Amino acid sequence: MEELRAEYSAVRIGPLILHEVRTNLSRLVRMGGYDPEVYAGSKSWDDAEEDVLQAIVVQILLEEGQLDYIMATSSTLIDFHNLLARQVRRYLARTRQRSVVDNLLDRSVNILSDEPFETAGSGSHRRYRLRSAPPTLEVPTDADLLGAARSAAMIPRIPFAVRERAPMVYSNDALRAVLRTIAETLATSFSHHDLDWILRALLTDWITGFLIQSEGLQVAASELTPEDQLVVREAAQQIVQESTHTQLIVLRGKLESRSDQSIADELSLSRPTVIERKREALRIVEIALMDLPERVHRAVIDQLSIDLATHSESDG
Amino acid sequence: MAELGFPSWLRTALDDREPGPAVPFVDAPDEPRDSIAAGEIRVARAMSEEPIRPRLVLVLEVFSNPAPWANVCLLSELVEAAGEKDVRALREETGLTFEVLVETDVVGPVFLAQLGPSLRAVSKPFLKGIQACLRGESADFAERLGLPVRDEREARWRFKTEEISGMHLLAHDCFEHLIHASTDDYVADVILDPVLFQAGADRTSRLVLLALDKIDRAGWGRPDLVWELPVVHSVKYWAIQLGPDEIRAFEPVWTLCLDGAREIAESDYGMATVGAASGVSLLDHELARRGLEGQRTLRVVTTVDNVELGLASRILRLHVPGVGLLQVEREFVDPVAVS
Numbered sequence: 001m002e003e004l005r006a007e008y009s010a011v012r013i014g015p016l017i018l019h020e021v022r023t024n025l026s027r028l029v030r031m032g033g034y035d036p037e038v039y040a041g042s043k044s045w046d047d048a049e050e051d052v053l054q055a056i057v058v059q060i061l062l063e064e065g066q067l068d069y070i071m072a073t074s075s076t077l078i079d080f081h082n083l084l085a086r087q088v089r090r091y092l093a094r095t096r097q098r099s100v101v102d103n104l105l106d107r108s109v110n111i112l113s114d115e116p117f118e119t120a121g122s123g124s125h126r127r128y129r130l131r132s133a134p135p136t137l138e139v140p141t142d143a144d145l146l147g148a149a150r151s152a153a154m155i156p157r158i159p160f161a162v163r164e165r166a167p168m169v170y171s172n173d174a175l176r177a178v179l180r181t182i183a184e185t186l187a188t189s190f191s192h193h194d195l196d197w198i199l200r201a202l203l204t205d206w207i208t209g210f211l212i213q214s215e216g217l218q219v220a221a222s223e224l225t226p227e228d229q230l231v232v233r234e235a236a237q238q239i240v241q242e243s244t245h246t247q248l249i250v251l252r253g254k255l256e257s258r259s260d261q262s263i264a265d266e267l268s269l270s271r272p273t274v275i276e277r278k279r280e281a282l283r284i285v286e287i288a289l290m291d292l293p294e295r296v297h298r299a300v301i302d303q304l305s306i307d308l309a310t311h312s313e314s315d316g
Numbered sequence: 317m318a319e320l321g322f323p324s325w326l327r328t329a330l331d332d333r334e335p336g337p338a339v340p341f342v343d344a345p346d347e348p349r350d351s352i353a354a355g356e357i358r359v360a361r362a363m364s365e366e367p368i369r370p371r372l373v374l375v376l377e378v379f380s381n382p383a384p385w386a387n388v389c390l391l392s393e394l395v396e397a398a399g400e401k402d403v404r405a406l407r408e409e410t411g412l413t414f415e416v417l418v419e420t421d422v423v424g425p426v427f428l429a430q431l432g433p434s435l436r437a438v439s440k441p442f443l444k445g446i447q448a449c450l451r452g453e454s455a456d457f458a459e460r461l462g463l464p465v466r467d468e469r470e471a472r473w474r475f476k477t478e479e480i481s482g483m484h485l486l487a488h489d490c491f492e493h494l495i496h497a498s499t500d501d502y503v504a505d506v507i508l509d510p511v512l513f514q515a516g517a518d519r520t521s522r523l524v525l526l527a528l529d530k531i532d533r534a535g536w537g538r539p540d541l542v543w544e545l546p547v548v549h550s551v552k553y554w555a556i557q558l559g560p561d562e563i564r565a566f567e568p569v570w571t572l573c574l575d576g577a578r579e580i581a582e583s584d585y586g587m588a589t590v591g592a593a594s595g596v597s598l599l600d601h602e603l604a605r606r607g608l609e610g611q612r613t614l615r616v617v618t619t620v621d622n623v624e625l626g627l628a629s630r631i632l633r634l635h636v637p638g639v640g641l642l643q644v645e646r647e648f649v650d651p652v653a654v655s
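Chains as they are written, first to last, in the numbering used here: chain A, 1 to 316; chain B, 317 to 655.
Keep in mind that the hints were calculated from the coordinates and are not lab data.
Quick caveat, the model's predicted, so the values are computed rather than measured.
Cβ coordinates follow ideal geometry from the N, Cα and C atoms, glycine included.
Treat the hints with care, as some may be off.
To be verified - Distance ranges between label pairs, derived from CB positions:
(1) A:GLN54 / B:LEU634: 41 to 47 Å
(2) B:PHE491 / A:ASP114: 54 to 60 Å
(3) A:GLU2 / B:LEU525: 46 to 52 Å
(4) B:HIS484 / A:GLU2: 42 to 48 Å
(5) A:GLU2 / B:TRP325: 23 to 29 Å
(6) B:ASP456 / A:GLU276: 27 to 33 Å
(7) B:HIS635 / A:LEU292: 54 to 60 Å
(8) B:ASP421 / A:GLU276: 23 to 29 Å
Claimed, not checked - Okay, derived cross-link-like pairs now, BS3-like style, lysine-lysine, Cα gap no bigger than 30 Å in a straight line:
(9) B:LYS530 / B:LYS552
(10) B:LYS444 / A:LYS254
(11) B:LYS444 / B:LYS401
(12) B:LYS401 / A:LYS278
(13) A:LYS254 / A:LYS278
(14) B:LYS401 / B:LYS440
(15) A:LYS254 / B:LYS401
Said to hold, decoys possible - Examples of chain A residues toward chain B, derived with CB under 10 Å:
(16) TYR8
(17) LEU62
(18) ALA93
(19) ASP142
(20) ARG157
(21) SER305
Given the sequences, and given the hints that come with them, work out the whole structure.
This is how it looks when you write it as structure tokens:
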């Protein structure tokens, strides 16, 4: 560790630290099962490794200052290696996230070309909105985009794995719900670039998953039997049908992790009233789940999130 | 031509940027901790020998009672893991060369001895904004908070769980001390440095009087002596030279001696002798012994003339092998005042 510190103090990165990064990268990509085509756009790691090494050193360690972070918080060589490995994985995750977002964008464009959405303009000027929304020339701010991402974050995603070549992330229904939520929350039209920004925000968990290696923790909805899936859809429908419009808005707000006060502000109600509506809504959910096996409970909430996001469409 | 192991692209990358000062290392030589202030970004280490690497923290508040400690908020370099309570702090706000997440939901107490060198400090308005976030008022940073974590299936849930565990490892010693100190039966440990009794009878009398007065005024509770044979001999030698009035004035010391006599009779003389003979000071030996008994912070009354030049910091960090860190708060009695 002392030799690495001496090199860092003298030149930041010299042969010793570079060797550590190279060794770390090489071990990770070869033993971790990272597909070179997916993570580096190359047939083999022999061809791609030097480019990836260069990108990690220049972008992550130097430009983003991560080498300084590593040196400030490493007291042993083990700390140094662990933190360096995290930075290597971080780079690989970002590359992967880019291609996953691109796939989602392609699927989104198809959905946005159909009802209830409307497209205007062409090429890089193309914009999307709900056909039913009043026309506006305004463009969303970063705060608007973040607000839309927050609302869309309640839509459940399909679990992913590092080795998966083409993760779907959202089922078609869920992606449609995501787009509808975005369009409703923004109240302005949005561009391809805006959508890209929101999708990247929605996939922050993707990078975290890579870094703390918790992939595969989730229980996929697809693991449910067809009978289970039918039960799940019926239970979610039952909750929607038995709730009032206000209860559903409160329920949706809670699924978005919003405070009681902000929901009260939206509905022009007092906070105690919102808390009362929340209690009623949760009772309806509880009754709907009461006789169902526990393994489908989460799937019901996931389905409910999708249904609530698209509810105003059917509700009028 | 590139040097061996030093490719030209790396040379270009290094030439193209202003490197700025290197960050201080976590185990850089001890620096005075008396000036630790809210808003500073420092590296925190666990007191015990825990399996946790040093972590960056933001100092939120600093306290001096019942022992010097600070309330700190964990920082993470993993900005992609931001949840709805995490503020993404930009480089220009922290002065660091990298962005960090200020995890306003992962806060805990640490002894000042756990804090390493200061990397940078945030501005007062930024700190106020963070403190508001701790109270659940995040309006100032609304656009820099992450998206809510949906449920435990998300990787960010596990990230947060691990961060909370990390803070627990960093903070539990201080936390336990604070809880213990809030109970009615708590008596702060104040050790009289053996050197006070080795200054010659007259000088010892004045130093000990000052020490007892300081302890009484601060309400620290009962002082304690280091129960090693050389100290016992020093106290005995000093006592026989005192007049009747002085004997009365030093009553707290004699009470201590009566209690100590029992302790000495029950203690392991062998260990005390080994410690004293191996070059470790009697005080250090006593501190290490108390560390082994589970104490993590101790207050010592000593003299300034016992302090090496440049190490006049009141708060010291002592490493006890097999135990970890010990915080030693030194209270000085001024020899000038007794000369």
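Structure-based check of all given hints:
1. A hinted range of 41 to 47 Å holds for the C-beta pair GLN54 of chain A and LEU634 of chain B, which are about 45 Å apart.
2. At roughly 57 Å, the beta carbons of PHE491 of chain B and ASP114 of chain A sit within the given window of 54 to 60 Å.
3. At about 48 Å, the CB distance of GLU2 of chain A to LEU525 of chain B agrees with the hint of 46 to 52 Å.
4. For the hinted restraint 42 to 48 Å between HIS484 of chain B and GLU2 of chain A, the CB-CB distance of approximately 31 Å leaves it violated.
5. Between GLU2 of chain A and TRP325 of chain B the CB atoms are about 27 Å apart, so this pair conforms to the stated range of 23 to 29 Å.
6. Taken as a hint, the range 27 to 33 Å holds for the pair ASP456 of chain B and GLU276 of chain A, whose Cβ atoms sit roughly 31 Å apart.
7. Checked against the hint of 54 to 60 Å, the C-beta distance between HIS635 of chain B and LEU292 of chain A comes to roughly 57 Å, which is consistent with it.
8. Roughly 28 Å separates the CB atoms of ASP421 of chain B and GLU276 of chain A, a value that falls within the hinted 23 to 29 Å.
9. For the suggested pair LYS530 of chain B and LYS552 of chain B, the alpha carbons sit about 23 Å apart, so the restraint of at most 30 Å is met.
10. With a C-alpha separation of about 28 Å, the suggested pairing of LYS444 of chain B with LYS254 of chain A holds against the 30 Å cut-off.
11. The straight-line distance between the Cα atoms of LYS444 of chain B and LYS401 of chain B is roughly 15 Å, inside the 30 Å bound, and the hint therefore holds.
12. Taken as a hint, the LYS401 of chain B and LYS278 of chain A pair is honoured in the structure, with Cα atoms around 23 Å apart against an allowance of 30 Å.
13. Between LYS254 of chain A and LYS278 of chain A the alpha-carbon distance is near 8 Å, which keeps this suggested pair within the 30 Å criterion.
14. At roughly 20 Å between alpha-carbon atoms, LYS401 of chain B and LYS440 of chain B fall within 30 Å of each other, so this suggested pair holds.
15. With a C-alpha separation of about 16 Å, the suggested pairing of LYS254 of chain A with LYS401 of chain B holds against the 30 Å cut-off.
16. Because the smallest distance between the Cβ of TYR8 of chain A and any Cβ of chain B comes to about 6 Å, under 10 Å, the interface hint for this residue holds.
17. At its closest, the beta carbon of LEU62 of chain A sits 6 Å from a beta carbon of chain B; the interface hint therefore holds under the 10 Å criterion.
18. With its C-beta approaching chain B no nearer than about 8 Å, ALA93 of chain A sits inside the 10 Å limit, and its interface hint holds.
19. At about 6 Å, the closest approach between the beta carbon of ASP142 of chain A and any beta carbon in chain B falls short of 10 Å, and the interface hint on this residue holds.
20. Given hint, ARG157 of chain A at the interface with chain B, holds; its Cβ is 9 Å from that chain's nearest Cβ, closer than 10 Å.
21. The beta carbon of SER305 of chain A is positioned within 10 Å of a beta carbon in chain B (closest approach about 8 Å), and the interface hint is therefore held.
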